[in-house]
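A.B. asks: Letter by letter, the chains look like this.
2 protein chains.
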Amino acid sequence: MTSEPNDMPAIPIGIEDIVQAAQRLEPWAHRTPVLTSRTLDERSGASVFLKCENLQRVGAFKFRGAMNALLLLDEDQKAAGVVTHSSGNHAQALALAGQLLGVPVTIVMPRTAPAVKRAATEGYGARIVLCEPTLESRESTVAAESQRHAFTLVYPFKDWNVIAGHGTAALELLDQAGPLDVAIAPVGGGGLLAGTALAVNGRSSGTVVIGAEPANADDARRSLETGLIQPSFDPRTIADGLRTSLGTRTFAVIRQYVDAIVTSSEAEIIDATRFVWERLKIVIEPSSAVVVAPLLTARLRAKGRVGVILSGGNVDVETFFQGLAAQWL
Amino acid sequence: MTSEPNDMPAIPIGIEDIVQAAQRLEPWAHRTPVLTSRTLDERSGASVFLKCENLQRVGAFKFRGAMNALLLLDEDQKAAGVVTHSSGNHAQALALAGQLLGVPVTIVMPRTAPAVKRAATEGYGARIVLCEPTLESRESTVAAESQRHAFTLVYPFKDWNVIAGHGTAALELLDQAGPLDVAIAPVGGGGLLAGTALAVNGRSSGTVVIGAEPANADDARRSLETGLIQPSFDPRTIADGLRTSLGTRTFAVIRQYVDAIVTSSEAEIIDATRFVWERLKIVIEPSSAVVVAPLLTARLRAKGRVGVILSGGNVDVETFFQGLAAQWL
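Order-wise, the sequence lines are chains S and W. With our numbering, letter number 106 in the first sequence gets 106, and the count goes up by one each step, no holes. With our numbering, letter number 264 in the second sequence gets 264, and the count goes up by one each step, no holes.
No lab work stands behind these hints: they were computed from the structure. Check each hint, because a few of them may be wrong.
[As the list claims (entries may be wrong)] Residues of chain S clear of chain W, computed beta-carbon distances all greater than 10 Å: (1) I13; (2) L35; (3) S47; (4) E75; (5) G125; (6) I128; (7) E139; (8) S146; (9) L153; (10) T248; (11) K281; (12) L300; (13) T319; (14) A325.
[Stated by the list, open to error] If we take Cβ atoms under 10 Å as the criterion, some of the chain W residues that face chain S in the derived model are: (15) T273; (16) A298; (17) R301.
[Unchecked claim] Away from chain S, derived, C-beta distances all over 10 Å, residues of chain W: (18) R203; (19) A215; (20) G313; (21) A325.
Using N, Cα and C, we set each Cβ at its ideal position, and we do this for glycine too.
Based on the sequences and whatever the hints tell you, model everything.
C.D. replies: Following this line, the structure appears as structure tokens:
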């Protein structure tokens, strides 16, 4: 057992849990491709391998964790159903996982959530319960739903089974790309970064693990520096998936297994998003671009073989296509 | 020998040329992935396999034909160099192929071509010669360059070696997806469709081959109906890669080996482009979407296993990212 401060939770999962999660997910999740780009290699001076979780089901890595958590429920829990709060990728991921397994899913969503997000989640058969756009309303609504219906809570990044599921992306990346000198994952709530760190540490302990976040939401960097979770109060960043602060569990993993945090400005994030669209011809959301931006700007002087996880591709292209329609129709 | 009308050129290439082109291209071109989409399968009622030539080098299938043509030049021709006219994907494809092989490339481009296209082509080391934006100026400029420097002409779709190179995409698709009931390729000048038809006919003669084009540029449909090449006068379509009319060679192949042409409206093309961006998370240009649109609208009632070639991903996203920057920076 590793010795930890009293206030740090023990870490009850390791590489075996991630390997088992990978086997469990095999019939359900895509083994997403790994792309490379000559231009990115030239610009960065490294050999970069991009793990395309934007091509995962529901367009984000979140499906891995949500599905793993549902597969690990017992039969009574599956029959009763699950609840979570999210207006983002976790909501759609849990909804699809529930639909595939016949588990009733309830999503608590602020009534200010975009109609398109709500419709996408309902499209996977989930029941939506609206709450006020406050932390208090969200938590009391989730608690009330959970108690009334005996729902199991499946949090986006507080749940060890979700974290283990997220780690399967890095496990695949190591299989597909071969040995890596550096692995980079975005960090918001920390589920993907924690899963990545556990997978990489278990499989390839010499690989440096780096978290990437917006400079405007650099709570993970400040948390690691101070040794205490630093809250993030509604930070202004285009990387909307990375506005959350760390949880105690993800912080415990990140503190132990992550070597550094690298940040990028909003302009750098937008430039990196565009670079990936234009050069790699894949759609990523700005939250994913934080792993590419520091390689383009050489803010991160990574050498050798660098694996990065492109976390998702759910971005609103409405204005772009409205523009095309206005010009052509 | 197949009997042909007197005015139709004989077809001097077949499946062997495409197989040889594939071997020749193997060290140079990407073996692009084939993606599938549950939603597209549900919407279309078919099992659709999308060959991602948007992920090809220079972002388009055009690299295959240009590279094959250059690899087949003799040493004197390589030393002297090549010339073509194009302001689109063929220009960049030929420029990159020349750069890789050390063959000097001259591109004749109308002086009205977007600066971004010119810069991209120059970025691959090609020499640009500007002409007036008229057919006469373009042809006389190409002829003058060719004569002055002993350049070999490498046309985008009149050259049999280019057509054979383009056919390698369908050959790979058949290898990757397995047997196909239907194969669909876009048709502008007809190089990709002709190459596809030759490959599919040679490998899998029971597969139905369909060309796809905008209803606003339906010259291929009209040409097949009338048995004569119908010109296309600067048609208004967002599918800018498909505004060209057929050449005599591509028409000869298409007439013999293509079963039908399917057309789509501008609104259908824009919807299909958006569908692929949003659901498959890959960037395609509208010219590519003509193969997806008829499956989404059920205008083509294709059953069984349908292979489609997504021809390219070179689309101007400037306005979209300007919008993001205006909102966030």
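A.B. asks: Hints first: check each against the structure and report whether it holds.
C.D. replies: Here's how the hints hold up against the structure:
{"no.": "1", "hint": "I13", "in the structure": "holds, 29 Å"}
{"no.": "2", "hint": "L35", "in the structure": "violated, 8 Å"}
{"no.": "3", "hint": "S47", "in the structure": "holds, 16 Å"}
{"no.": "4", "hint": "E75", "in the structure": "holds, 27 Å"}
{"no.": "5", "hint": "G125", "in the structure": "holds, 14 Å"}
{"no.": "6", "hint": "I128", "in the structure": "holds, 21 Å"}
{"no.": "7", "hint": "E139", "in the structure": "holds, 29 Å"}
{"no.": "8", "hint": "S146", "in the structure": "holds, 31 Å"}
{"no.": "9", "hint": "L153", "in the structure": "holds, 29 Å"}
{"no.": "10", "hint": "T248", "in the structure": "holds, 31 Å"}
{"no.": "11", "hint": "K281", "in the structure": "violated, 4 Å"}
{"no.": "12", "hint": "L300", "in the structure": "holds, 22 Å"}
{"no.": "13", "hint": "T319", "in the structure": "violated, 6 Å"}
{"no.": "14", "hint": "A325", "in the structure": "violated, 6 Å"}
{"no.": "15", "hint": "T273", "in the structure": "holds, 8 Å"}
{"no.": "16", "hint": "A298", "in the structure": "violated, 20 Å"}
{"no.": "17", "hint": "R301", "in the structure": "violated, 25 Å"}
{"no.": "18", "hint": "R203", "in the structure": "holds, 25 Å"}
{"no.": "19", "hint": "A215", "in the structure": "holds, 13 Å"}
{"no.": "20", "hint": "G313", "in the structure": "violated, 4 Å"}
{"no.": "21", "hint": "A325", "in the structure": "violated, 6 Å"}
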